[in-house]
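Peer 1: Its first residue numbered 130, the sequence shown is counted upward by one per residue in my numbering.
What the hints contain is simulated information worked out from the structure, not anything from laboratory work. Treat the hints with caution; some may be incorrect.
20 Å max Cα-Cα, derived SDA-like pairs, lysine to any residue [what the hints assert, rightly or not]: (1) Lys252 to Arg146; (2) Lys178 to Lys252; (3) Lys178 to Asp199; (4) Lys204 to Ala158; (5) Lys395 to Glu334; (6) Lys148 to Ala158; (7) Lys252 to Leu266; (8) Lys178 to Tyr294; (9) Lys148 to Glu195; (10) Lys252 to Ser365; (11) Lys395 to Arg161; (12) Lys395 to Val375; (13) Lys178 to Glu334; (14) Lys252 to Ala158; (15) Lys204 to Pro157; (16) Lys204 to Thr185; (17) Lys204 to Leu182; (18) Lys252 to Thr288; (19) Lys178 to Ala219; (20) Lys252 to Leu141; (21) Lys204 to Ala183; (22) Lys204 to Ala293; (23) Lys252 to Glu334; (24) Lys395 to Leu141; (25) Lys178 to Thr196.
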Amino acid sequence: MAWTSGTATDYLDLLTRLKAFVTEQMLPANERWQVMRWVPGPPAELVLKGVGLAGTDEIYVAIQTETSSDYGNWKLRGYVTYNPGVAFDAQYNSSQTYYALLTLSAMPYWFVANGRRIVVVVKTGTYYECVHLGLFLPYATPAQYPYPLVVGGSYNGSTRWSNAYTYRNHLPRTAGYSGAYWSPTGTWNSSPYFWPGTWGSNQREAPDGSYPLLPFVMQGLGELDGMYSVPGYGNSVENIITANGVDHLVVQDVYRTGYYDYWALKLA
């Protein structure tokens, strides 16, 4: 399968489950990620290499846990290369750090992955977290843009999961606070605004009751794989929308529940 869901007991169990899914359970098997480093922790540390859809890519992403008395977070990074003898934060050409803000208690989750990218949605209380690790779909050939890597969480600092900061957003609304990408010119840049920037605020369901899904476009560079803007009118988090015979999970932007605060994740 390319996706799974369940309930983790805490932030460490969530990481162990993600590791098992993308490296041992995900189908097709030839797209499974490879473990470059695994420290069970705490603090835990996981470095993964994606092989792409054809098994020839080298996509490096990394997660390290951080804890306080009442939360346990994931610290997220992307790498251009990987040296096993170098520490998590000292890898050459590593991205800025971003965070998934998690808890020490049980959390429902959804994992969606292929050989190019991993997307995680987690429910923390009444909040929802999103993680993106891997490649987006570029408007370019592999020769023109060989490494369209984007890494994102919901914030650029480690804090309690329930803090409702103004600039705490999921990746498609990052404005630079929750994600970064490796540019065609070979530098890490904070993720720009995505189109549509207002998500579904000016949309409603179609006459037949279906919901239109619009791809998130990153400043003309390409699209996020399997992540779509969706109207929030008459909609709610964890709804399932079927489009072209495929289910999509409706996700809210952290704690927000307005008409323009929802997106959909393709469960495939």
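Peer 1: It remains to establish, for every hint, whether it holds in the given structure.
Peer 2: Here is what the structure says about each hint:
no., hint, verdict
1, Lys252 to Arg146, "15 Å, holds"
2, Lys178 to Lys252, "26 Å, violated"
3, Lys178 to Asp199, "31 Å, violated"
4, Lys204 to Ala158, "27 Å, violated"
5, Lys395 to Glu334, "18 Å, holds"
6, Lys148 to Ala158, "14 Å, holds"
7, Lys252 to Leu266, "27 Å, violated"
8, Lys178 to Tyr294, "32 Å, violated"
9, Lys148 to Glu195, "17 Å, holds"
10, Lys252 to Ser365, "14 Å, holds"
11, Lys395 to Arg161, "19 Å, holds"
12, Lys395 to Val375, "7 Å, holds"
13, Lys178 to Glu334, "39 Å, violated"
14, Lys252 to Ala158, "28 Å, violated"
15, Lys204 to Pro157, "28 Å, violated"
16, Lys204 to Thr185, "27 Å, violated"
17, Lys204 to Leu182, "26 Å, violated"
18, Lys252 to Thr288, "16 Å, holds"
19, Lys178 to Ala219, "17 Å, holds"
20, Lys252 to Leu141, "15 Å, holds"
21, Lys204 to Ala183, "29 Å, violated"
22, Lys204 to Ala293, "18 Å, holds"
23, Lys252 to Glu334, "25 Å, violated"
24, Lys395 to Leu141, "25 Å, violated"
25, Lys178 to Thr196, "25 Å, violated"
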